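**Q** Each chain is listed here by its residues.
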Amino acid sequence: MDYKTILKEINEKFGLETTTVSLREDEIYLKVKPEDFKKICLSLHKLLSAPVASLFALDNRREKGVFEIYCSFMGGKCKKWFFAVAEIPADNPKFNSLAKDIYSASLFEREIKEMFGIEPSNSPDTRRLRMHSEIWPEGFYPLRKDFIKPAGVGKTGDYVFNEVDGEGIFEIPVGPVHAGIIGPGHFRFSAAGEPIINLEIRLGFTHRGIEKLFEGKNVYDALRISECCSGDASFANSLSYSCAIEKIAGIEVSENTRMLRAVFLELERMYNHINDIGGIAVDVGFSFPAAFASIVKENILQLNEKVTSNRYLKNVNSIGAIAINWDKDKTQALRESLKKIYKDFKEIKEILLSSVSFMDRVDGTGVLKKKTAEDLGAIGLAARASGIAVDLRKDFPGIYAKADFNLIKQETGDCLARLNMRLAEFEESIKLIYWFLDRITPQAAAQSSYNIKEGFALGYVEAWRGALTYWVKINKSGIIERCKITDPSFLNWQALAFCVLGDIIPDFPLCNKSFDLSYSGNDL
Amino acid sequence: MRILKNRIVKGIVTKPLDKSFLSEELETVGAELKKTIQEKFSRSLYIREVDTGSCGACESEIISTTNPIYDIQRFGVSFVASPRHADCLLVTGPVSKNMALALKKTYDAMPEPKFVITLGNCALDGGIFKEAYYTEKGVANIIPVTFHIPGCPPKPLDIMKALLSFLKKA
Chain H
1 MDYKTILKEI NEKFGLETTT VSLREDEIYL KVKPEDFKKI CLSLHKLLSA PVASLFALDN
61 RREKGVFEIY CSFMGGKCKK WFFAVAEIPA DNPKFNSLAK DIYSASLFER EIKEMFGIEP
121 SNSPDTRRLR MHSEIWPEGF YPLRKDFIKP AGVGKTGDYV FNEVDGEGIF EIPVGPVHAG
181 IIGPGHFRFS AAGEPIINLE IRLGFTHRGI EKLFEGKNVY DALRISECCS GDASFANSLS
241 YSCAIEKIAG IEVSENTRML RAVFLELERM YNHINDIGGI AVDVGFSFPA AFASIVKENI
301 LQLNEKVTSN RYLKNVNSIG AIAINWDKDK TQALRESLKK IYKDFKEIKE ILLSSVSFMD
361 RVDGTGVLKK KTAEDLGAIG LAARASGIAV DLRKDFPGIY AKADFNLIKQ ETGDCLARLN
421 MRLAEFEESI KLIYWFLDRI TPQAAAQSSY NIKEGFALGY VEAWRGALTY WVKINKSGII
481 ERCKITDPSF LNWQALAFCV LGDIIPDFPL CNKSFDLSYS GNDL
Chain Z
1 MRILKNRIVK GIVTKPLDKS FLSEELETVG AELKKTIQEK FSRSLYIREV DTGSCGACES
61 EIISTTNPIY DIQRFGVSFV ASPRHADCLL VTGPVSKNMA LALKKTYDAM PEPKFVITLG
121 NCALDGGIFK EAYYTEKGVA NIIPVTFHIP GCPPKPLDIM KALLSFLKKA
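Just so you know, the sequences run in chain order H and Z.
Going by this note's numbering, the first sequence opens with residue 1, and the numbers climb by one from there.
Going by this note's numbering, the second sequence opens with residue 1, and the numbers climb by one from there.
No farther apart than 30 Å at their CA atoms in a straight line, the calculated lysine-lysine pairs in the DSBU-like style are these:
id: 1; chain 1: H; residue 1: Lys339; chain 2: Z; residue 2: Lys5
id: 2; chain 1: Z; residue 1: Lys130; chain 2: H; residue 2: Lys155
id: 3; chain 1: H; residue 1: Lys145; chain 2: Z; residue 2: Lys130
Just so you know, the hints here were simulated from the structure itself, not pulled from any lab data.
Computed from a predicted model, the values in this text were never measured in an experiment.
This is chain H alone, in the form it adopts within the complex:
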């Protein structure tokens, strides 16, 4: 469907007025009256049959005396991102909550409330998300422009967990400090005997205030911050961010650079996927393939270091360019190592899939139903494992268009499906890297310095967990005014909480690993 048809339908079917304020090749901004905001969002939600991709606010009181609120949806078919934009008066700021009609908006609304003090009226849940009420006082909204840090911190209230009542039901609190070497989060299980009746995940323990940190920075300094949002996806973060800046500044990126970036993105996907494949084996106590997988992961990390001087691909990307040089030797080294890696990978795959006791543990465990995934707005690998065909490499292919990329999906939505996703995507990544390597020509390292214009744009990339988007606004002096990061983990954590229901507690680590979501990317 063409985007014009969608606009027409909004106008005719729903009788709503919109003004197109900005139009890019892949982004469209619709300005709406605040009272129509909810209706427009609902109609976009229905017409595009897409969950809320992001919902965020912005403090524009200095220039226009209002807050602005943006709700974005991905239109995969018409190759456009739709943004509904409304202005909210600065005194007594509030808007109609979407959460009861589009559940995927719920977390974003909680975020807007704690960060801006903008009230989503009639919202079913307004508890704090990241700035825990045991720590952070009321009335301090960090993303407002006139925010001043509170002098002290103090307890202003308790977090109320959802309680399950009934005979024989008990709670198991886990975290924030876990037994393994992993990020912090609190999991509250309600169980009756073995099966889990309810799981509530409380996050925010790694909240640092990254979005605020972006504000007031120049675009080059901010690139380094983006790499520290989620360490296991640092290249995807820097790429998504730099795409936004490149769109704003109108920088043309050469095809060779774009192909190199795709290679690094796929390398990042590979070392994380093999890490999770090993992790799934660890969590069922199958240590041989787990150790084997960790060797492959180490090999990929060492390969990263060989070609980019950094194991986690930090300091590799730059605005409009790549900060490292590329020559024939590197292409050759990559090819040779990949051949060995693929051989080991096939071995691991065979060992795992031919072990009956292993398959018994993963098959049918932690099912995320397609309907649940849709309602929660799950994205990326987790959504594809449940049969939702969403992948930015397909929907907005860019450099992947010619590379004959196959979208991989599974139908069952269980741990096995997510494992199979990883196995298949790992092979697909190798195929893609080979394809790109055939076409990449040597190039010298480039350090860019562009004149950055005023403007805003959305950068997006299919990171290994799913769609990772950066919405960036730059002011007249080329300084970042607002940066909204939407990490794929943000919506997928909810999916984890739903998929474990009915399963036994010992299966939780397995389900958790099959998603392997980011704490730091979620908490920012």
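For chain H, the structure is supplied; the task is to place chain Z on it using the hints.
**A** Just chain Z now, with coordinates in the frame of chain H:
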């Protein structure tokens, strides 16, 4: 059968996989580390790791030290699940305000004698997150720190080397 075959074919991976100078260096560092730990901790050093808001790369590298290539466990270093078993607390991240209490409690739960090592640039003074409104600007503001391992993130071998240089002096 396949596992057995693979095991025989692959042999001890720590040796054939490392072709570069890295393997020799790893072995010398490792042997020294083992000797030092034998002397000072009578056999093993137990470490409890806490993430207070790092990006996750430091965790990934700490886990890497336990993979079959580095296999830090053979030199007497073990990562344990509970602070009550630990000699040493290894802390990453700039300490998010939400984690300050949890970090303090973890430290208090450790039996004496105990010491704290910080790992990664943000654990020292907040690093890239120094100006952020929600961090405590480093671990030393919450609990006493004895040693710091710099890097963003430090590589597995660097972690082992730093650990060795610290244990030698201690």
